Amino acid sequence: MSQTQGGNSKAWWLLSPGVGLYILTFFIPLAMLLVLSFAKFENSVTTIGFFFDNYVKIMTDGITLTIFYRTVQLALMITVSCLVLGYPVAVLMRRSGPRARLWLLFFIVSPLLTSIIVRNVAWVLILGRSGIINDTLIDWGWISTPLPLMYNTFGVVLAVVHVYLSFMVLPLFGALIAIDSSIEEAASSLGASPLRVFLTVTLPLSLPGVTAGCTLVFILSMGIYLTPVIMGGNFVLTLPMLITDSVRNLYNWPVASAMALMLLAAIGAMVLLSARVQKMVGG
Amino acid sequence: MSTVELRKVEKRYGSVAAVHSLDLAIEPGEFVTLLGPSGCGKSTTLRMVAGFVQPNAGTIEIGGKDVTGIPPHRREVGLVFQNYALFPHMSVYKNVEFGLKMRGVDPSERRSRVEEALGLVKLGDYSERMPAQLSGGQQQRVALARALVIRPNVLLLDEPFGALDKQLRDHMRIELRDLQRKLNISTMFVTHDQDEALSMSDRIVVMSEGTVCQVGGPNAIYEKPNSRFVADFMGRSNLFEARQVDESNDARTLDAEGLLLNADKTQELNGGNAIVMVRPEKIELLESETNRDGSVTVGGKIMSSVYLGSTVQYEVKVEDGPTVLVVRQNVEDGSISAQPGSPVFLSIPHNAVYIIPQ
Amino acid sequence: MREGYGSPWPHRALVVFSLLVIFFLVAPLAILVIQSFTNESYLSFPPPSFGFRWYREVFTSSDWRDAVGLSVLIAILVTPLSLILGTLAAFGLDRGPMRGRQSLYAVMISPMVLPHIVLGLGIFRIALQLNIEDTLLAFVPAHLTITVPFVVISVGASLQTFNVTLEEAAMSLGASRWRAVWHITLPVIRPGLIAGAIFSFIISFDEFIITFFLATYEQTLPLEMFSTLMFQVKPSIAAISTLTLAVTAALTAMLMFRGQILGGGRIVK
Numbered sequence: 001m002s003q004t005q006g007g008n009s010k011a012w013w014l015l016s017p018g019v020g021l022y023i024l025t026f027f028i029p030l031a032m033l034l035v036l037s038f039a040k041f042e043n044s045v046t047t048i049g050f051f052f053d054n055y056v057k058i059m060t061d062g063i064t065l066t067i068f069y070r071t072v073q074l075a076l077m078i079t080v081s082c083l084v085l086g087y088p089v090a091v092l093m094r095r096s097g098p099r100a101r102l103w104l105l106f107f108i109v110s111p112l113l114t115s116i117i118v119r120n121v122a123w124v125l126i127l128g129r130s131g132i133i134n135d136t137l138i139d140w141g142w143i144s145t146p147l148p149l150m151y152n153t154f155g156v157v158l159a160v161v162h163v164y165l166s167f168m169v170l171p172l173f174g175a176l177i178a179i180d181s182s183i184e185e186a187a188s189s190l191g192a193s194p195l196r197v198f199l200t201v202t203l204p205l206s207l208p209g210v211t212a213g214c215t216l217v218f219i220l221s222m223g224i225y226l227t228p229v230i231m232g233g234n235f236v237l238t239l240p241m242l243i244t245d246s247v248r249n250l251y252n253w254p255v256a257s258a259m260a261l262m263l264l265a266a267i268g269a270m271v272l273l274s275a276r277v278q279k280m281v282g283g
Numbered sequence: 284m285s286t287v288e289l290r291k292v293e294k295r296y297g298s299v300a301a302v303h304s305l306d307l308a309i310e311p312g313e314f315v316t317l318l319g320p321s322g323c324g325k326s327t328t329l330r331m332v333a334g335f336v337q338p339n340a341g342t343i344e345i346g347g348k349d350v351t352g353i354p355p356h357r358r359e360v361g362l363v364f365q366n367y368a369l370f371p372h373m374s375v376y377k378n379v380e381f382g383l384k385m386r387g388v389d390p391s392e393r394r395s396r397v398e399e400a401l402g403l404v405k406l407g408d409y410s411e412r413m414p415a416q417l418s419g420g421q422q423q424r425v426a427l428a429r430a431l432v433i434r435p436n437v438l439l440l441d442e443p444f445g446a447l448d449k450q451l452r453d454h455m456r457i458e459l460r461d462l463q464r465k466l467n468i469s470t471m472f473v474t475h476d477q478d479e480a481l482s483m484s485d486r487i488v489v490m491s492e493g494t495v496c497q498v499g500g501p502n503a504i505y506e507k508p509n510s511r512f513v514a515d516f517m518g519r520s521n522l523f524e525a526r527q528v529d530e531s532n533d534a535r536t537l538d539a540e541g542l543l544l545n546a547d548k549t550q551e552l553n554g555g556n557a558i559v560m561v562r563p564e565k566i567e568l569l570e571s572e573t574n575r576d577g578s579v580t581v582g583g584k585i586m587s588s589v590y591l592g593s594t595v596q597y598e599v600k601v602e603d604g605p606t607v608l609v610v611r612q613n614v615e616d617g618s619i620s621a622q623p624g625s626p627v628f629l630s631i632p633h634n635a636v637y638i639i640p641q
Numbered sequence: 642m643r644e645g646y647g648s649p650w651p652h653r654a655l656v657v658f659s660l661l662v663i664f665f666l667v668a669p670l671a672i673l674v675i676q677s678f679t680n681e682s683y684l685s686f687p688p689p690s691f692g693f694r695w696y697r698e699v700f701t702s703s704d705w706r707d708a709v710g711l712s713v714l715i716a717i718l719v720t721p722l723s724l725i726l727g728t729l730a731a732f733g734l735d736r737g738p739m740r741g742r743q744s745l746y747a748v749m750i751s752p753m754v755l756p757h758i759v760l761g762l763g764i765f766r767i768a769l770q771l772n773i774e775d776t777l778l779a780f781v782p783a784h785l786t787i788t789v790p791f792v793v794i795s796v797g798a799s800l801q802t803f804n805v806t807l808e809e810a811a812m813s814l815g816a817s818r819w820r821a822v823w824h825i826t827l828p829v830i831r832p833g834l835i836a837g838a839i840f841s842f843i844i845s846f847d848e849f850i851i852t853f854f855l856a857t858y859e860q861t862l863p864l865e866m867f868s869t870l871m872f873q874v875k876p877s878i879a880a881i882s883t884l885t886l887a888v889t890a891a892l893t894a895m896l897m898f899r900g901q902i903l904g905g906g907r908i909v910k
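Protein chains in written order, with this note's numbering: chain H, 1 to 283; chain S, 284 to 641; chain P, 642 to 910.
Hints may contain errors.
[Stated by the list, open to error] No more than 25 Å apart at the CA atoms, straight line, and that leaves these computed lysine to any residue pairs for SDA-like:
hint, chain 1, residue 1, chain 2, residue 2
1, H, K279, P, A747
2, H, K10, S, R295
3, H, K10, P, G737
These aren't lab readings, by the way, just hints derived from the structure by calculation. Quantities reported herein were computed from a predicted structural model and do not represent experimental measurements.
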C-alpha cells in the first residue's frame, strides 16, 4: 500500500553517527588535502594560501608526470590481464550447474577477503631470487643464474592480478548471468554457429559488465602501494609510492596533497569515461 | 458503548485526502466490513484504527477510550495482515506467544492461553512447526490465533484471504465467521471482494475516494444501493436512465431508455428523472410471451450467452430499447436453446425495479 | 551441465583455462601453507623436513605476539562499532523518505570509492593535527571509515528484502517500535548483520596502508609482516601468513556457504 512509501524523515537521524564519523575521517581530511595542495612549501615550512607551485612542480619536474604515466600504464596492464583471465572464468561460471558454480564462486570471491600481504608473501616465495621457480630451474641445470621474475613490472602485474581478478570476474558474471539464454537459443535456431552466437549476442550483451569490471580494476590499480613495494622493490614506482615518500620522508604535505588530487582527478576522469562508455554499450 | 468509534476522522497525504471526514462505529460483537476498490481509503482507515497511521483530524475511540495519538502497541487491537506477517524465525508456538510476552503475562498462563488459541484454530498439533513449513491456510490460522490470543478489543483483518486460492478462501470465510460469532469479538474487515463482504458481514461500509458511500446490512446494500456507484460495485446490475411517463395508484410507469417498466409507488422519485436498477437474476427469461401479474413482459433478441456453470448469463436486446443483462439459474438440463439471434421475452416484476435515490 | 553450447571442444578448452586460472589463484597460497611447516632454517619447496618449528617461533616471539594482539584488539573494537554505525545508517536509509535516499546512500558508501592511499593521507593529516597518531583513537575511526560502508551495504540489502509488516504485526501485538526491531527485525536480518560483522573484522584485520601512515611505534600484524618481509624472507613469515590465511579463510567460508555473499542462494540457484 502507498502508506509506507512516504517514510519518516526523522529516520535520517539514524545516519548521524555514521555521518559524524565521516566528517571527521573523510570530509574534513579531504578538505584539508585540498587546501594543502594550494599551500607553499619552502625550507620545510608550509604556508597556507592559494599558490599553484605544487601543481606546477609536479607537472614540470619530469619525474612525477613520468611516474604518473607509468602508474596508468601499469593499471592498464593489470586491467587487461584481469579481463583476459577473468572473462572465460565468468563464462564458465554462467554455464555451470549450481554446485560447480558455488565452488567457482568460492575460489573467485575468497581472494577478496584474503590479506593482500599474505598473497604477496606467497609470490615472493615463488618468484624470488631464491624462490621455488629459480631454485628448481637451477637444480635441474636449466639455468645458471636466477631469472629476474620479481623486482620488475612482470612480478608486480602478476601479484596484483592475483588480488584484483575477483573484482573483474564478479561484474562480468553479473552481466553474463543477466543475459536471457533464450536470446542465444533464438540466434542459434536462426542458424548462427556457436562462435557467431558468442560474438554477435553474448559478447555485446556482456559489455556493461566488461566496462564495470575494467573501471573497478583500473581504479583500484591506480591506488596500489603495497604490492609494488614488495614485488617491485624500487624498480617499479607508482604515484602512491611517491605520495607516501613525500609525506613520510620529506614531510612535504603540499606536494603530496597535490599528487593525491592528481590521482583523484585521474580516477574521476576514468569514472566519467566509464559512464560514457556504459551509455554507449547500453548498460 | 461502541467498541470502536471514529468521529470526523480525516487523513491527508499532501493535498490528497485519503480519508475524508469519516464517522463509523462498531458495536460489541459486530462484524463490520469496509468494502471498496483499491485506493478508496479502507486500508488507511484500518491502519488508523490500528495506530500505524495518524489522522490529521478527528478522534478514534477503542473500548470507550480515546486512542488518537496512542501508538499501536498500546491499543489492544488484534491485526491480521494479507500476507499473515508471521515471524519467520519463530515457531508457531512462539509466534502466538509473542503478544503475551510483550504484555508480561506470566509463563504458566501464557502456555495455557497459547494452547487454547491454537486449539481454537485447530492447530494444536502444529505448535513446534516453523511458519515456512505450513500451508497458506494454516499460516492464516496461526495469524488469527496470534491476533486473538491477546484478547483484543477489536479484531482488524486487512484482506486476510487475498493470498489464498478460491476454494480455501470460501472455506476460511465460514471458519472465520464461526469463530468470530463464537468469541463474539468486534471485527473490522477490509476487502475489495463484494462476495466476501456480503457473505460475512453484519454491516457493510462501502467506501469510495475516501468517503463512505453507504452503510447497511448486506441485504440493504445489495437490494437498495443508495447510489449508482454502490449498485455498480455490488455485483452485476442493469442500470438505466429513466423518466416517469405515467402514474397510477400504486405504480409508476417509467421509460428506461425505451424499455417501459413499472415500479412500486412507494419509491420516491425526485423530479421527473431517475436511475433505475434491475438485478439480472430477477428478470425471467421466457420463450413465449406470457403475461404475469405485477410484471411487464417485453420481447427481444438474444445477443450473447455465457455459460458459467451454475448460471447462464444472457445479453438481450429489447426491441427499440436497451440491452439487458439476464442471469438464469442453470436448473434444467440447459435446454433453453437460447442461441444468439433467437427471439425471447423478458418478464420484469415490479418489485425488481429499484429507483436509486438521487 | 546445460545443453546447447555447441561442440564439446571449445567448452573443454574453457574448463581447462578456468582450472588454470583457479590454479593460479590457489597454488601460491597452497605452496605458502606447505612451506610454513618446514623444519629448516630457510624456505624451500618442497621442504626437506616438516615440523612446527616456525609456528613455535611465531607464538613465542613478542614482536609477533604484540602485532597480532594489536590487530585483534583493533578489529574487536572496530567490529561492533562498525556494526552499530552501519546498521543505524542502513535503518535510517531504509525508513527515511524516498526523496534524497539515493544521495544519502552514496554519501554513506563514499569512502569505498576513494583510494585508500588518499584516505590514509587525509586521516594521517587530521590525526597529526589532533595529536592522536599512533594511538587507538586514530586506528579505530580510520578503520571504521572503510568498514562502515560494507555494513551499510550488507545490512541495507537484508533490510530491502525484509517485510516491514512483520514489524507492524509485532507492534499490533504490543511491542514498542524498539522491541519490535529487537525481537523481530534484527533476528530476521541476522544474515546481513553477520556478513557485515565478518567483513568489518577481516577488513580491519588486514588493513595496511592507512595504518601504515598512522603508525610509528605501534605495529599491527600487516605492518609487522611488511617490515619483516622488507628485511628478510624467513619461514616465520610463511607461518604467520598461514595463520592469517586460516582465520580469514574460515570466516570467508562461513560467509560463502551460508549463502550470505552476493545474495547467496539467489545467484547460485
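We went through each hint and held it up to the structure:
no. : hint             : result
1   : H:K279 to P:A747 : 20 Å, holds
2   : H:K10 to S:R295  : 19 Å, holds
3   : H:K10 to P:G737  : 7 Å, holds
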